Amino acid sequence: MGVSITAVSEHTPTTGARKRFDPVLSLVAPAGLFMLCFFVYPFAYGFMLSFHPRNGDWLSSYRTFFSSARLWPTTLTTLKLALPATAINLGLALPMAYRLRQKSAYQRWITAALVVPITLGTVLIADGMLTYLGPKGWLSETLQLLKLCDGPLHLTHNYVSVLISLVISGFPFVFLLVLSYITGIDPTLARAAASLGANPWQQFRHVYLPLISPGLTIAFCLAFVQAFSVYPSAVLLGAPAGPTRVISIAAYEAAFEQYDDSLASCAAMIMGLVQLAVVSAALLLRGLFYRGPVVGGKG
Amino acid sequence: MTLAADNSTSRRALGAWNGLLNALMFFFVANIGLLIAAVAVNSFAKRWLGTWLPDGWTASWYTSAWEEFQLPSVLWVTVEVVAAVVSLSILLGVPAAYALARREFPGKRALMLLFLLPLMVPPMTYGIPLATAMYKIGLAGTLPGVVLANLIPMLPFVILVMTPFIEQIDPNLEAAARVCGAGMGRMFLYVLGHVRAHVPRRRSRLADPRRGALLRRFRRRCSCSAVGRRNGHDLYARDAPLAGHRAPVRQPHSARLARQGAPEPAMNDGLPRTLKLHPRDDVVIAKGLLERGTTVDTDVGPVSLAETVAPGHKVAVRARDVNDPVHRYGHIIGLASAPIRPGDHVHLHNLRQPERTEQREVGSDLPYISDARPDETRYFDGYLRGDGRIGTRNYVAILSTVNCSASVSRLVRDRFQDVQRTYPNVDGVIALTHKGGCGHVLGGDDHALLERVLDGYAHHPNIGAFIVIGLGCEVMQAAPMVERHRRSVLSHDPFPVVGVQQEGGVRKAVDAAAAAVSRLLPIANTARRTRRPARDLVLATNCGGSDGHSGITANPALGAAVDLLVGLGGTGVLGETPEIIGAEHLLIRRARSSAVATKLTDRIEWWERYLGAHGVDASNNPSPGNRAGGITTLAEKSLGGVSKGGTTPLVDVVGYAERIKERGFVYMDTPGYDPVSVTGMVAGGANILCFTTGRGSVFGCKPVPSIKLASNSALYQRMEEDMDIDCGVILEGVSTESVGRRILDEVLQVASGKKTKSELAGVGEEEFAPWVRGPVL
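If you read the sequences in order, they're chains A and B. Oh and the first sequence: position 234 is 220 in my numbering, straight run, nothing missing. All you need for my numbering is the position in the second sequence, starting with 1, plus 15.
Since the hints were derived computationally from the structure, they do not count as laboratory data. There may be inaccurate statements among the hints.
Chain B is nowhere near these chain A residues, computed Cβ spacing over 10 angstroms in every case [unchecked claim]:
no., residue
1, Gly18
2, Leu65
3, Pro70
4, Lys89
5, Val146
6, Leu182
Restricting the straight-line Cα-Cα distance to at most 25 angstroms, the calculated cross-link-like pairs of lysine to aspartate or glutamate (DMTMM-like) are [what the hints assert, rightly or not]:
no., chain 1, residue 1, chain 2, residue 2
7, B, Lys123, A, Asp43
8, B, Lys676, B, Asp460
9, B, Lys151, B, Glu189
10, B, Lys523, B, Glu620
11, B, Lys676, B, Glu620
12, A, Lys122, B, Glu82
13, B, Lys450, B, Asp460
14, A, Lys122, B, Asp470
15, B, Lys302, A, Glu243
16, B, Lys450, B, Glu489
17, B, Lys123, B, Glu95
18, B, Lys151, B, Glu620
19, B, Lys523, B, Asp460
20, B, Lys61, B, Glu95
21, B, Lys302, A, Asp136
22, B, Lys151, B, Glu182
23, B, Lys291, A, Asp136
24, B, Lys151, A, Glu243
25, B, Lys61, B, Glu82
26, B, Lys151, B, Asp314
27, B, Lys61, A, Glu127
28, B, Lys450, B, Glu780
29, B, Lys614, B, Asp470
30, A, Lys66, A, Asp43
These figures come from a predicted structure and were not determined experimentally. Glycine is no exception: its CB is placed at the ideal position from the N, C-alpha and C atoms.
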């Protein structure tokens, strides 16, 4: 009994003192400090570095980047890979997740099957693709056997292969994200719409789509981030000197092959900027859609 | 009626739609399954090329992976990193998530943004500056560095996953715990800890330093497949973008040194104005015009210059009395002829050429031992041959004994252009042809020399198998050479000799030789790379197309790399005798013994006679132009070239194309002409070459990979597709030592199979050029 009294009496002044300082807030300090030291500082350092080129005035790294034919087109190359890959991933994931929105053995089975490529890692996928999709691989041989194509398939070491690998590694990720959003939506809303005469397409278009659009935006952003920083597959599976010379490769070369920290930081900053631009555009676009709670019912 | 029709159409459409989705899903999952199956099958395959299933099955990849990559230690490091990252991110992230979930406070949105941003910007954006910062404080490449780098995306992930989850936990549970007297720590442990145990463990996926280990394994497999080879260069060059993704397994120290891009700290306003070529040097070199009054850092602190110093000229950093030796490149370039104070301009007025007697004291310029620590062994993946030597490539060679069989050799070679498709472990079939082989004095100097070269190439560890094609009547007969090769690595049968005259003409000879090569290819293809210590490397050095920068950037940097390699027990080979005539004392003073010194002086005397017979002045004295450029003495001039050989003791001197047997710094007597010089070194057993150039040589020397070092950045940028390393960064403040370490890293990677630029360009067969020095009869 005595214990609980002291506890309560201790508790009260703490609540009173919260106005001045809340000890709970100190919990966030270590993590915040860590991010400041190891994320914000490098970021700021890189930003400064990009304006301190080895020679020339403060903008010359940027000038080099935008005037060199080996550097600035990498931005477009990366976008040309990342945007279609994200679009494909989202375009495939949305209908499939929608189809599987009701819990069933089938859903569990597919979900489990799709987690596998996520856990595999880029490198194993790249190795597998080189073997399986190569000109002498099983896919190519099967298609030739079935007379579906003449001559071996060329699905490795080009643009298509990197795109495929981005889909393989990105699709399951997007699918699981979208699935978690869709299953979070109260199915009674759709049933209510159906009772008012909405066909399946209308149910999707007018009930589900507005509700999951925030989720889709987040999924799009995360998937785009993944695709945009493509590096290993562009090197392992692509043609890193030509059609899949992505911006990561340019930045890496500048940093670790030419020792030009300023140029590398400049490429890294431009990379971050392009990415943030796309993400902001996505978020802005989302603002045009419905905003509101994702669950229906009593709320 | 219409409603019913509508209904049935929409149901049919829905059915079709669902069918399509099912088919797509099945297609995706099935292909993923097959893709994984392909990797699994490949990992048990003995040989699998273009067939449905492999030729045979083996588990040896797993055992060799276990041994070769020291998997236990790799796995252990992975476990350590994962454990550290997961526990640290939970330790830091969960309390933060708790605070974010439970409290509203000013700046919370900003804080959330701080945790969200790392997931929204590409890792490269913060990774490159982070790596740069880490190299500066020496954290890169260390275990804590890897943990830190992985924490950056991981911590925000934990926070963002945990925050909504903690929000769901009823705060009443905590209140109850507090009422029972639990402090914050116990409350965390019992309430949140218990409930939290049910959070899905998805986040461990993100902490994957194992990608580094996997990548290694993948690279290894790739080096044995045609696909991997074609892109070999890129596979090796860029393993992972972040320092943190590189598991520091085998050489943590070297990994840290691997990419030192950051400019050295010793600079006052931006870039240093002078260049110190070696830590032991008494002088520094002016990089640009140094006006009178400019401050220069010396050993006694900053000193203001008493006179204007032209670019390329020397400024003393240490006081020297009369007759004290003055060092540049770590070597004595002359003796002080007047007292020299720090900050003095050093040139003809206070530096003199030593007398000949002062020069030739064996071992007097006591070389210091390279500071590479002996416990820091480094490795590469090479082909162990029967004679114990190690190859860095695996070629099948067609050796032509005489010019008369050169065309036949090339016709045979042309039939094996695509050989890697079928024999992925063979780097190619090369025809080594030349202009000599006959018209020499039988048993004379040139005959012996050519035989030595051909013999050296045939026995070369980079040659997996060879055939010899001769005409039949030439001086340079093939049979004796092949006879010596009987105890070969791969076959107890003698290697085939094809004679055009015996076979009955070109077409028949080509057919016979091609058949012989076809028999040898499967044998050569059985060779596999294994892990070898760096001491098995024999590094040839050469320069060609030099410019004013070669002597202060690329050559000293290569010298630093040679010092490191010798420190690891390896061998560096220097040649190009005409460059050092008159300054041979530089090497004599480094000689390990008087026997070695005598060998060198004998060679120098031979050259003086040889050049004298052709009416050429043997001396290499600095020209007026050299002097205006800051070169004072003959020694100084020669040192520009000799600095490629580093500073360790000279352990042996060998004749042209003689087998290099000693380990350490070795001199080979070769002429200055690049292809002839390098051909001698390769015949002597060099298994890798570093070639420095200022004007842009595109030298290659199959079967040995040729790494090209550009002496200036302008050249590197102009000819990036041909230059492997830019040494011009030395002029911009990067230290010679760090570029030397970078060169050694490249040497080890190239020795392990990474393609050099010249190999990618397909250059290297025409450069086979045995030295012809005698009369042509």
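Here's how the hints hold up against the structure:
no.	hint	result
1	Gly18	violated (6 angstroms)
2	Leu65	holds (12 angstroms)
3	Pro70	holds (17 angstroms)
4	Lys89	holds (16 angstroms)
5	Val146	holds (14 angstroms)
6	Leu182	holds (14 angstroms)
7	Lys123(B) to Asp43(A)	violated (39 angstroms)
8	Lys676(B) to Asp460(B)	holds (22 angstroms)
9	Lys151(B) to Glu189(B)	violated (46 angstroms)
10	Lys523(B) to Glu620(B)	violated (49 angstroms)
11	Lys676(B) to Glu620(B)	holds (24 angstroms)
12	Lys122(A) to Glu82(B)	violated (31 angstroms)
13	Lys450(B) to Asp460(B)	holds (16 angstroms)
14	Lys122(A) to Asp470(B)	violated (40 angstroms)
15	Lys302(B) to Glu243(A)	holds (23 angstroms)
16	Lys450(B) to Glu489(B)	holds (12 angstroms)
17	Lys123(B) to Glu95(B)	violated (34 angstroms)
18	Lys151(B) to Glu620(B)	violated (50 angstroms)
19	Lys523(B) to Asp460(B)	violated (33 angstroms)
20	Lys61(B) to Glu95(B)	violated (34 angstroms)
21	Lys302(B) to Asp136(A)	violated (63 angstroms)
22	Lys151(B) to Glu182(B)	violated (41 angstroms)
23	Lys291(B) to Asp136(A)	violated (64 angstroms)
24	Lys151(B) to Glu243(A)	holds (17 angstroms)
25	Lys61(B) to Glu82(B)	holds (18 angstroms)
26	Lys151(B) to Asp314(B)	holds (24 angstroms)
27	Lys61(B) to Glu127(A)	holds (20 angstroms)
28	Lys450(B) to Glu780(B)	holds (14 angstroms)
29	Lys614(B) to Asp470(B)	holds (23 angstroms)
30	Lys66(A) to Asp43(A)	violated (32 angstroms)
Against the hints set out earlier in the document, violations occur for numbers 1, 7, 9, 10, 12, 14, 17, 18, 19, 20, 21, 22, 23, 30.
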